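Colleague: Sequence:
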Amino acid sequence: MSEDIDRKAVSHGKNQLAGILLALGAMVLFCLMDLQAKYLGQTISVTQIVWARYFGLFVIMMVIFWPKRGMALVRSQRPWLQWIRSLLLLFCTFAFFMAIQYMPLADAVSISFLSPLLVAALSVPLLGEVVGRHRWAAVGIGFLGAMIIIRPGLGVMHWAAWLLLGVAFGYALYQITTRMIAGKDNAVTSLFFTAAVGAGLVTLIIPFFWSMPVEPVHWLMLGSLGIIGGLGHYALIKSFEFAPVAVLAPLSYTALPWNTLFGYWVFGDLPDRWTVIGASILIATGIYILYREGIRGKA
Numbered sequence: 000m001s002e003d004i005d006r007k008a009v010s011h012g013k014n015q016l017a018g019i020l021l022a023l024g025a026m027v028l029f030c031l032m033d034l035q036a037k038y039l040g041q042t043i044s045v046t047q048i049v050w051a052r053y054f055g056l057f058v059i060m061m062v063i064f065w066p067k068r069g070m071a072l073v074r075s076q077r078p079w080l081q082w083i084r085s086l087l088l089l090f091c092t093f094a095f096f097m098a099i100q101y102m103p104l105a106d107a108v109s110i111s112f113l114s115p116l117l118v119a120a121l122s123v124p125l126l127g128e129v130v131g132r133h134r135w136a137a138v139g140i141g142f143l144g145a146m147i148i149i150r151p152g153l154g155v156m157h158w159a160a161w162l163l164l165g166v167a168f169g170y171a172l173y174q175i176t177t178r179m180i181a182g183k184d185n186a187v188t189s190l191f192f193t194a195a196v197g198a199g200l201v202t203l204i205i206p207f208f209w210s211m212p213v214e215p216v217h218w219l220m221l222g223s224l225g226i227i228g229g230l231g232h233y234a235l236i237k238s239f240e241f242a243p244v245a246v247l248a249p250l251s252y253t254a255l256p257w258n259t260l261f262g263y264w265v266f267g268d269l270p271d272r273w274t275v276i277g278a279s280i281l282i283a284t285g286i287y288i289l290y291r292e293g294i295r296g297k298a
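0 is the number of the first residue of the sequence shown in numbering that gives the first Met the number 0; add one for each residue after it.
It is possible that part of the hints are untrue.
What the hints assert, rightly or not - Keeping only pairs whose Cα atoms sit at most 27 Å apart, straight-line, the calculated DSS-like set for lysine-lysine is: (1) Lys183 - Lys67; (2) Lys67 - Lys237; (3) Lys183 - Lys237.
Claimed, not checked - Between beta-carbon pairs, the in silico distance windows are: (4) Val216 - Met70: 33 to 41 Å; (5) Trp161 - Thr202: 22 to 30 Å; (6) Gly131 - Glu214: 29 to 37 Å.
Bear in mind the hints are in silico, worked out from the structure with no lab data behind them. This structure is a prediction, so every number in the text was calculated from the model and none was measured. All C-beta atoms, glycine included, are put in the ideal place defined by N, C-alpha and C.
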């Protein structure tokens, strides 16, 4: 009997390790996608970059999932909510890719860490959740961390920082709508809606923004942009099959060291001490909120 329990524990540990490795790999892929978007933005329009990102994701979905699932991919119990969710992510993608043309990658991703705190705050009016004083305190401290990064009123705040605050707010709403859909629609269905809505809408306007890439490397990066993002999403979905949210959610903060490394390697950008301090506060408060949610879930 004890040997059976030991074998189950070992198997569970291996499953969690697989989930952790998949989630870490997804973060690296997402950071590579951001790096390519910033690099390509120096020569071609952001709209063209967003189109490549979504069209590539749509192709990935059609190749991997359509042969097995067919029309089941588009069957949703809440299609209007899927549309809202997809439009929110499309806005966040546009705004983030625009903002990183004017800000270092590390600064941009640090401000985006405000999103989990906004989820905690917005879950009260939108989901009817009860947020205790500990989590409200964490939200307040997290906002302080964000203000340390963008430093309004000190003559260093770029307009792109305001855009990133909009991204954090939009992504928080995206996460809340994802919670509303959870248990109603399959995760793959949600991802297919994201790809189809984004690719469809941006394809309608791409003729007005298209500019022919000159360098072969630009063609290569445009072609790989959506594939990298699609594989990142797929790895993230698979990771939740092996490990719980409480284990995987904090791994999203590994985006900061990767974006710092990529930003320095390609553009020579390094975050200043205020960005490091503010990002540390945001990460600490985000992990604390996850911890408090875990306690509440057990209760």
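Colleague: Indicate, hint by hint, whether the structure satisfies it.
Modeller: Status of the hints after comparison with the structure:
no., hint, in the structure
1, Lys183 - Lys67, "holds, 20 Å"
2, Lys67 - Lys237, "holds, 16 Å"
3, Lys183 - Lys237, "holds, 18 Å"
4, Val216 - Met70: 33 to 41 Å, "holds, 39 Å"
5, Trp161 - Thr202: 22 to 30 Å, "holds, 29 Å"
6, Gly131 - Glu214: 29 to 37 Å, "violated, 54 Å"
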